[in-house]
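Peer 1: One-letter residues, chain by chain:
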Amino acid sequence: GAGVSQTPSNKVTEKGKYVELRCDPISGHTALYWYRQSLGQGPEFLIYFQGTGAADDSGLPNDRFFAVRPEGSVSTLKIQRTERGDSAVYLCASSLSIQTVNTGELFFGEGSRLTVL
Amino acid sequence: SQQGEEDPQALSIQEGENATMNCSYKTSINNLQWYRQNSGRGLVHLILIRSNEREKHSGRLRVTLDTSKKSSSLLITASRAADTASYFCATRSNDYKLSFGAGTTVTVRA
Chain A
27 GAGVSQTPSN
37 KVTEKGKYVE
47 LRCDPISGHT
57 ALYWYRQSLG
67 QGPEFLIYFQ
77 GTGAADDSGL
87 PNDRFFAVRP
97 EGSVSTLKIQ
107 RTERGDSAVY
117 LCASSLSIQT
127 VNTGELFFGE
137 GSRLTVL
Chain B
768 SQQGEEDPQA
778 LSIQEGENAT
788 MNCSYKTSIN
798 NLQWYRQNSG
808 RGLVHLILIR
818 SNEREKHSGR
828 LRVTLDTSKK
838 SSSLLITASR
848 AADTASYFCA
858 TRSNDYKLSF
868 GAGTTVTVRA
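Chains as they are written, first to last, in the numbering used here: chain A, 27 to 143; chain B, 768 to 877.
Check the hints yourself; a few may be wrong.
[Claimed, not checked] Derived contacts from chain B toward chain A, CB cut-off under 10 Å, selection only: (1) E773; (2) H824; (3) F867.
Since the hints were derived computationally from the structure, they do not count as laboratory data.
Every residue, glycine too, gets a C-beta built ideally from N, C-alpha and C.
Here chain A stands alone, though its shape is the one from the complex:
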């Protein structure tokens, strides 16, 4: 597509439930990133993929969070046993390649706003 697409745009769930957030990156972009943004804060890095593999998942807060990108395009962020503290906007971004160290502009989606009641 023309830009990074994220669904759903809004998700309200109850504490303890399972949630999936989807990201469809720009066609041809091999690098894909997930960030989390709390109100009034900057984006906080969660994980990035180069192709199908998670190149760095050091930002995932705990083992309730998991992300996949099975075919090197669409990615899904999965959150198990959601907690109220997981409420935030989850942003996805893509770029041509993580190898472009001296360029590497990220293209962001509009985000998925997660509210855990």
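Chain A is fixed; fit chain B onto it per the hints.
Peer 2: Frame of chain A, contents of chain B only:
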């Protein structure tokens, strides 16, 4: 953890005035980028400056980088109401992650 810190946290200016915001970071970088975020929207890339560059211009934007002080500044000249947004600096190191600061919220009054 966030690498960059923007200063000030918030800025209110009159249309036509210049807006300046600063970013400080902690570790060595390959490049530094500035992004804009309108309320409730995603981030949009504005400008990138490499670690071996000192100044860069793009339209009404001017970015400086001082690697010895680990700091950068973003200047928006002749501001417009449409420039009202949050502005974030982001640093890229060898680990390929882009680390963002907490942002500066700019309000341009008509």
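Peer 1: Taking the hints in turn, state whether each one holds.
Peer 2: Hint-by-hint comparison with the structure:
Given the 10 Å rule on beta carbons, the hint for E773 (chain B) holds: about 8 Å separates it from the nearest Cβ of chain A. Among the interface hints, the one on H824 (chain B) is violated; its C-beta lies about 17 Å from the nearest C-beta in chain A, farther than the 10 Å criterion. With a cut of 10 Å, the hint placing F867 (chain B) at the interface with chain A holds, because the nearest CB-to-CB distance is about 4 Å.
The structure fails hint 2 only (numbered hints given earlier).
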